[in-house]
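All chains should be built: construct the whole structure from the sequences, respecting the hints.
Chains as they are written, first to last, in the numbering used here: chain A, 1 to 460; chain B, 1 to 460; chain C, 1 to 460; chain D, 1 to 460.
Heads up, a few of these hints could be off.
Given that identical chains are not distinguished, each listed pair holds provided it fits within a single copy or across any two copies.
The calculated SDA-like cross-link candidates involving lysine to any residue, where the alpha carbons are at most 25 Å apart (straight line), are [to be verified]: (1) Lys-208 <-> Lys-247; (2) Lys-89 <-> Leu-293; (3) Lys-333 <-> Ser-451; (4) Lys-287 <-> Asp-431; (5) Lys-388 <-> Glu-45; (6) Lys-136 <-> Thr-181; (7) Lys-95 <-> Pro-153.
Hint data in this document are derived by calculation from the structure and do not stem from the laboratory.
There are 4 protein chains.
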Amino acid sequence: MSATGLISKSLSRVRAMVAEAAGRNREPSVRTLERIRQQLRECAEGRGGEVSTRQRAARLADTYLSLDDGGRLAFLRIIALEFGPDPAKVASAHKAYQAAIGTDRQWDSEAALRAAMRSQRLRILTQFNAIPQGVKFLVDLRADLLRFLADEPLLKPLDRELEARLAAWFDVGFLELARITWNSPAALLEKLVQYEAVHEIRSWRDLKNRLDSDRRCYAFFHPRMPLEPLIFVEVALVEELADNVQKLLDENAPVADPARASAAIFYSISNTQAGLRGVSFGNFLLKRVVEDLQRDYPRLHTFATLSPIPGLVGWMRRHPEQLAEAFTPNDWKRLAALGIEGPDAPALRALLSAPREAMADTQLQRALREPLLRVAAYYLLNAARDGKPVDPVARFHLGNGARVERLNWLADTADKGHEQSWGMMVNYLYDPDRIEANLESFASEGRVDASASVRRLARR
Amino acid sequence: MSATGLISKSLSRVRAMVAEAAGRNREPSVRTLERIRQQLRECAEGRGGEVSTRQRAARLADTYLSLDDGGRLAFLRIIALEFGPDPAKVASAHKAYQAAIGTDRQWDSEAALRAAMRSQRLRILTQFNAIPQGVKFLVDLRADLLRFLADEPLLKPLDRELEARLAAWFDVGFLELARITWNSPAALLEKLVQYEAVHEIRSWRDLKNRLDSDRRCYAFFHPRMPLEPLIFVEVALVEELADNVQKLLDENAPVADPARASAAIFYSISNTQAGLRGVSFGNFLLKRVVEDLQRDYPRLHTFATLSPIPGLVGWMRRHPEQLAEAFTPNDWKRLAALGIEGPDAPALRALLSAPREAMADTQLQRALREPLLRVAAYYLLNAARDGKPVDPVARFHLGNGARVERLNWLADTADKGHEQSWGMMVNYLYDPDRIEANLESFASEGRVDASASVRRLARR
Amino acid sequence: MSATGLISKSLSRVRAMVAEAAGRNREPSVRTLERIRQQLRECAEGRGGEVSTRQRAARLADTYLSLDDGGRLAFLRIIALEFGPDPAKVASAHKAYQAAIGTDRQWDSEAALRAAMRSQRLRILTQFNAIPQGVKFLVDLRADLLRFLADEPLLKPLDRELEARLAAWFDVGFLELARITWNSPAALLEKLVQYEAVHEIRSWRDLKNRLDSDRRCYAFFHPRMPLEPLIFVEVALVEELADNVQKLLDENAPVADPARASAAIFYSISNTQAGLRGVSFGNFLLKRVVEDLQRDYPRLHTFATLSPIPGLVGWMRRHPEQLAEAFTPNDWKRLAALGIEGPDAPALRALLSAPREAMADTQLQRALREPLLRVAAYYLLNAARDGKPVDPVARFHLGNGARVERLNWLADTADKGHEQSWGMMVNYLYDPDRIEANLESFASEGRVDASASVRRLARR
Amino acid sequence: MSATGLISKSLSRVRAMVAEAAGRNREPSVRTLERIRQQLRECAEGRGGEVSTRQRAARLADTYLSLDDGGRLAFLRIIALEFGPDPAKVASAHKAYQAAIGTDRQWDSEAALRAAMRSQRLRILTQFNAIPQGVKFLVDLRADLLRFLADEPLLKPLDRELEARLAAWFDVGFLELARITWNSPAALLEKLVQYEAVHEIRSWRDLKNRLDSDRRCYAFFHPRMPLEPLIFVEVALVEELADNVQKLLDENAPVADPARASAAIFYSISNTQAGLRGVSFGNFLLKRVVEDLQRDYPRLHTFATLSPIPGLVGWMRRHPEQLAEAFTPNDWKRLAALGIEGPDAPALRALLSAPREAMADTQLQRALREPLLRVAAYYLLNAARDGKPVDPVARFHLGNGARVERLNWLADTADKGHEQSWGMMVNYLYDPDRIEANLESFASEGRVDASASVRRLARR
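Structure follows, in structure tokens:
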């Protein structure tokens with residue numbers, strides 16, 4: 001049985017997919033809309049005590065879950081558009097505020113303006129916190145919201161308010177770091193299988209291997225979402241900087257002695273909750289994990305990732321000139337010997353669409369090694385958007401204070417690895433002594449730290 | 001050893017008291033102020049990663065704790081006045097917002113106005129969450145803030161922002177209800193001794209008696225403040241509605257069989273965190289406790305308090321005419337027989353200042369019984385401010401959906417009982433079937449539910 | 001991946017099997033024997049403190065684990081034969097004891113005789129308790145001992161002493177009943193897969209199905225063998241007495257509502273520790289499980305098994321005359337119509353060796369139904385050895401106070417079911433009101449309780 | 001309130017004391033005896049299943065607890081005398097055993113003899129394990145048994161059998177070491193107050209001081225006796241070998257920084273269960289505590305006790321000649337200057353009965369210092385019975401591998417200290433490198449390890 005087969009997609013999601021296929025994600029009927037509007041109004045008024053609140057919240061949650069995507073969109077639009085602040089009240093509070101600047105009343109009027117801005121949207125949403133699983137419900141609701149946002153910018157203020165509240169609730173101070181082991185509940189381990197975003201967990205045996213004595217797995221949890229990891233990282237304790245992910249994932253490899261390991265390799269980091277986009281805790285996770293590992297294994301001195309370069313091939317397609325520049329006359333000479341004429345031969349472009357085949361040819365693979373490593377180094381160090389690296393994984397690790405340490409050829413020979421980056425992977429190094437300085441200079445000046453060898457490769 | 005002797009007042013508090021006595025709570029030196037301002041600025045900028053944040057927050061917390069009240073006030077004023085929103089930016093965001101009403105840009109501009117209102121005050125304060133005990137630190141800081149507020153209204157916007165954030169963090173959905181028993185950690189039980197606000201816990205033996213098998217004690221906890229109850233309630237399981245608190249607290253009374261109890265008496269409810277004023281969870285607590293008791297003891301059918309009437313004597317002093325009105329000619333006749341001429345004799349007023357002595361005289365006590373019960377009933381049902389009962393305990397229970405069930409004569413014969421309410425106490429009844437309706441009509445119309453007998457007493 | 005593939009057989013076990021295949025399970029060399037003897041002597045002397053004891057025990061355990069079966073047998077023989085009581089000392093203690101009968105010295109001399117009987121064998125073995133996993137080590141060592149016992153009756157006194165000590169340690173008073181759920185540690189669930197003895201767990205999905213909300217799984221644990229169930233039972237909560245095990249195990253069957261269930265079916269009970277043979281706790285387990293279920297689901301009123309009849313076909317082969325007697329002339333008539341002449345036709349015997357094929361023929365299957373049910377009923381109620389049922393499962397449940405409630409035709413259509421009992425299964429009913437009486441009359445008189453219908457079938 | 005006041009003596013104990021005072025601890029009536037005998041017989045027969053067993057055991061336990069000492073003694077005598085082995089069966093099994101020596105039947109007949117020796121006494125007693133608190137019940141029953149034993153040697157075989165079973169159940173392998181802190185359950189801490197045998201815990205504040213951050217407290221627990229420490233040790237982390245116990249117990253002393261401590265002083269070790277006499281785990285406890293402390297505080301290098309010398313003054317009274325020998329002519333000269341003539345003056349003897357007064361006189365105290373330290377050193381190193389030190393504390397620590405490190409003058413100035421040992425105390429040193437060797441040579445040759453200075457003092 002495949003491990004992913006274990007995971008029953010939530011019923012509502014399946015329903016939504018079926019509905020979409022059937023073209024049924026349409027605006028709900030006027031009657032349904034009126035019922036939703038009525039329920040939302042009752043929630044916004046917030047009459048009665050806790051019992052009433054919880055009953056209303058539970059009914060509202062049931063309503064929401066019973067809707068298809070069309071209904072949910074309508075539901076969220078009503079909240080966003082009809083329960084916002086009253087512009088007239090905001091205007092008069094603002095006028096009073098500005099008039100009071102510099103006087104004794106400035107402070108009261110600031111509070112009054114803030115009160116006028118306070119919308120009923122959040123009041124409605126936070127009521128869900130009273131029901132069991134209410135936090136998870138809200139996180140999932142925001143995942144829906146984010147899906148709809150592209151087509152419905154009107155939902156933006158609702159999204160901003162919800163994000164701010166979730167950020168307050170998921171403040172790192174409230175999160176609990178926990179190790180996940182083979183002694184963890186099966187219901188939790190099943191979630192790892194489901195959420196692993198980097199290297200698919202193929203079976204329970206694969207999973208057990210990733211939790212063996214030469215491995216570590218850590219996750220952040222929220223006290224109100226037990227058994228639901230928010231982010232998790234898988235670590236291998238090895239003797240030297242890892243250069244191949246298939247070796248790390250090999251279930252038949254002998255188990256190493258962690259007490260003799262000198263390097264901790266973070267080979268998979270997965271955010272699990274789409275609804276928490278913008279609420280960051282990855283930085284904090286790695287820092288805490290490094291501390292924990294240092295305490296348990298004083299011999300460890302290298303903390304690094306073995307990371308994919310997910311955007312490389314796509315970027316290359318959009319920037320073929322960069323590819324061309326990476327090939328020296330010498331490279332072309334070697335390629336010519338293999339029957340590929342250059343520069344800028346159509347044959348080169350063909351490689352883009354058949355990376356696995358290209359790498360299967362040993363001679364071709366060797367000829368491509370140097371120019372492609374150069375391309376990858378250039379990409380990681382220079383391809384930027386809004387002053388930050390284009391590559392999402394690079395953006396994450398460099399933003400956390402890591403440096404680009406080493407590029408690895410033939411490091412991920414699975415299909416996905418070939419398709420994303422011609423099988424290349426990169427080690428980001430977390431040097432405890434440099435993290436803070438890197439983080440600072442990356443944040444303020446966008447400066448990317450890299451080893452001399454990577455820097456050399458990136459140079460033309 | 002007295003149990004309260006156990007409790008070491010926090011050092012800083014003691015220091016503050018000593019300082020105050022010595023007249024040293026003055027504005028700190030210019031140099032100190034500059035240092036504080038500098039630290040606050042660094043926190044507001046929020047440079048670097050988690051390590052830097054935590055180090056800065058820890059330093060700032062140390063600075064704060066080392067200050068006396070004068071220094072703390074200055075510290076909080078700097079945050080309130082110098083890290084608020086920029087009125088100019090608010091003005092321009094507001095202008096754009098109003099201009100966009102009704103257009104597509106309305107939603108973006110709402111978010112932008114909200115962003116302009118976001119101050120750096122909260123950013124500074126929430127950084128404390130990153131340090132161990134950071135939540136408790138913030139709750140205690142707000143307790144300071146509330147103490148200063150009366151004399152420094154300029155702190156109000158800071159207080160409002162902090163209250164809003166604490167309300168988000170202490171949302172009832174995040175709180176954990178837990179039973180406290182003699183098997184609870186001593187460090188936690190010590191807190192009960194320290195925080196009990198209604199009937200002082202005199203010794204560990206007194207405490208053990210309150211946790212015996214015919215008692216229950218429940219508290220709410222926050223996941224980040226372990227061993228620190230937020231609010232707790234002490235319950236006695238008895239055979240009928242209790243009418244005397246000394247009987248309930250008698251350590252030598254035989255232990256009753258809880259399985260035969262028909263009434264659960266909430267005889268002490270204490271809020272413990274001054275810094276959480278305005279963040280309410282008392283309502284929720286009683287509801288959850290009633291559920292828990294009903295499940296464990298299906299024979300229970302009465303849920304009621306035995307509560308003090310803390311404001312009665314004070315209110316009477318301010319409203320002597322109410323006292324006079326409660327005495328009928330018949331009452332005066334009985335008093336005259338005891339040598340007290342009326343109406344409105346100065347002798348009556350004298351009773352106010354010596355309640356214990358008055359009650360010690362059996363004949364006098366009997367003569368006072370009816371008129372004083374009438375006064376108390378009138379007070380509870382009619383003495384209001386802003387449409388809510390003047391008495392804080394009445395306000396709490398009536399706001400939670402209880403009703404005034406019965407007045408009890410000679411119910412608390414401790415000094416405090418005499419001084420607050422001539423020894424009278426009141427039972428507020430929590431009838432599961434009426435709580436929600438009461439709560440609703442009290443909130444919307446200020447209607448107070450009361451039993452027929454109390455209603456009759458209150459009538460003139 | 002098959003779930004059983006998960007389970008790595010213990011290395012030493014594998015080694016033993018390999019060695020056996022290679023004919024290498026021979027007596028170890030004289031030098032090895034001398035080393036073992038020397039280590040055992042040191043343990044028996046028990047010099048020094050805890051550190052020395054633990055070190056010696058750990059070394060001795062390593063020695064034992066490194067031996068193949070031949071070596072282990074020699075090891076155990078040395079303990080059994082060379083560390084027993086000294087017959088001469090026993091004789092003189094016995095003489096003194098008998099002489100003292102009726103005098104004051106009787107009681108001292110009884111203690112002295114007991115001391116003389118105390119052997120060093122147990123002293124050696126209990127030292128293993130000092131090492132981590134020592135209890136499990138001893139349980140596994142006894143499993144070896146039991147394997148060797150058939151060929152080496154000399155080991156008997158050692159086995160008896162070890163059994164007595166394990167019985168003291170595994171007294172039901174020390175065991176903990178725990179529910180196993182999908183939230184249990186994966187390392188524990190893996191053990192269920194490994195130990196399930198009745199209906200193989202085919203995959204993690206099969207396992208998850210057996211732990212779903214309409215199922216319960218309970219096990220006994222010993223405080224010193226965490227994550228190691230001693231015995232476990234799988235229960236299905238259903239609407240009526242179950243008659244087919246494949247239905248119960250069907251992963252695609254809809255999940256039932258346990259609150260509406262009226263019957264709890266114990267469909268699999270597995271003892272896990274071969275080394276605890278003779279130490280019984282099955283009776284206690286079922287009793288405790290029934291209590292737990294009654295508390296959680298007051299609507300449950302039927303507690304019964306759906307059990308295999310493992311010895312039926314084998315017994316029938318040994319007693320062909322019983323088979324013949326079960327067929328009436330009418331049965332033969334129906335069989336004759338299908339081409340099988342009787343009575344006692346060789347064709348009937350052929351059925352014994354091809355049950356699956358026989359059952360696949362619908363007409364034949366129907367013709368066999370009545371006579372085979374009669375055979376099974378007779379077998380369960382009458383086939384006895386030493387006054388107890390021959391069938392081990394019957395012996396277990398009847399010894400626990402159950403009664404034979406119903407026979408089920410075509411109840412287990414897996415190969416094993418056909419081969420053991422032509423696919424028939426039996427419900428043993430645990431009627432809380434009759435358990436004790438049944439248990440008593442079974443223990444004292446061997447009386448088997450059975451329903452009227454089964455009793456009728458068993459009659460000729 | 002005094003902390004010991006907290007502890008309600010068990011009702012039955014109180015009843016027993018009252019009964020004794022009233023001379024009512026007599027043999028129970030014939031009718032009562034018959035009822036007891038009947039119940040014991042039913043238990044010995046062990047009919048029925050677990051339910052019956054538990055019901056019978058619970059009834060029997062109730063019977064036992066309801067009896068006064070006279071009744072309990074009769075109860076235990078019936079078990080001891082009427083449920084022992086049958087001498088005739090023992091004789092015939094023994095005959096068969098001796099006849100079988102050297103033959104194949106030796107091993108079967110050994111098991112048969114062992115079975116014949118097995119009495120019903122243990123069967124009766126172990127049934128109590130099935131009831132809640134059954135283990136504690138048995139431990140307390142043995143405490144009764146031990147009290148009766150002096151006057152009733154007939155109970156000896158019962159005591160031996162029970163001791164053997166308790167030793168199996170309380171094997172150190174089953175015990176759990178746990179730290180006790182101010183966060184431990186109050187119900188557990190109350191037990192410390194109750195059981196502390198060396199330096200009385202005077203109040204909860206005294207207790208809290210003993211659990212402060214520069215202290216450690218460890219205990220062994222049995223899984224079936226939660227909240228009931230079996231033995232516990234109190235440790236102070238200090239900068240040098242402690243020489244005064246009042247300093248250690250001073251609640252007002254400043255709290256030291258444990259990270260800077262170099263010595264761990266075990267200043268109180270209490271066995272709590274009288275009924276576990278002869279079942280030893282003290283040795284194991286100290287070893288485990290040393291390991292735990294070494295791991296947490298690598299700077300610690302001295303592990304020692306500060307122990308009383310409870311037997312010194314009593315021994316001296318019985319051996320006045322030893323006292324005389326310790327005084328040199330010089331000592332007598334100094335005493336003479338204080339008005340005490342010697343040698344062997346009656347005045348010296350008078351000191352024995354008024355140690356506190358003698359020590360209060362500074363000059364006298366100084367004059368006595370050297371001779372009394374000499375006496376104490378001689379006592380600890382030489383006063384022996386059966387080859388082991390007379391002093392019970394010395395026997396315990398030397399048996400555990402400690403050495404006599406230093407004698408301390410004016411080390412315990414409480415009344416008990418003066419009365420036991422003229423206020424002297426001793427440090428026993430646990431040197432991890434020498435423990436095993438000391439233990440061995442003490443056990444085999446009775447050799448006592450002592451520092452050079454103590455050895456010098458003991459020399460005459």
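25 Å Cα threshold - placement of Lys-247 relative to Lys-208: within (16 Å within a copy, 31 Å between copies)
Homo-oligomer pair classification [Thr-181, Lys-136; C-alpha up to 25 Å]: both (24 Å within a copy, 22 Å between copies)
Lys-287 and Asp-431: within-copy, between-copy, both or neither at 25 Å Cα: within (10 Å within a copy, 40 Å between copies)
Alpha-carbon proximity between Lys-95 and Pro-153, which holds within one copy, between copies, both or neither at 25 Å: Cα proximity of Lys-95 and Pro-153: across copies only (21 Å, versus 29 Å in one copy).
Alpha-carbon proximity between Lys-89 and Leu-293, which holds within one copy, between copies, both or neither at 25 Å: neither (55 Å within a copy, 46 Å between copies)
Homomeric proximity label, Lys-333 with Ser-451: Cα distance no greater than 25 Å: neither (29 Å within a copy, 86 Å between copies)
Status of Glu-45 relative to Lys-388 across identical chains (alpha carbons, at most 25 Å): between (44 Å within a copy, 20 Å between copies)
Checked against the numbered hints above, the structure violates hints 2, 3; every other hint is satisfied.
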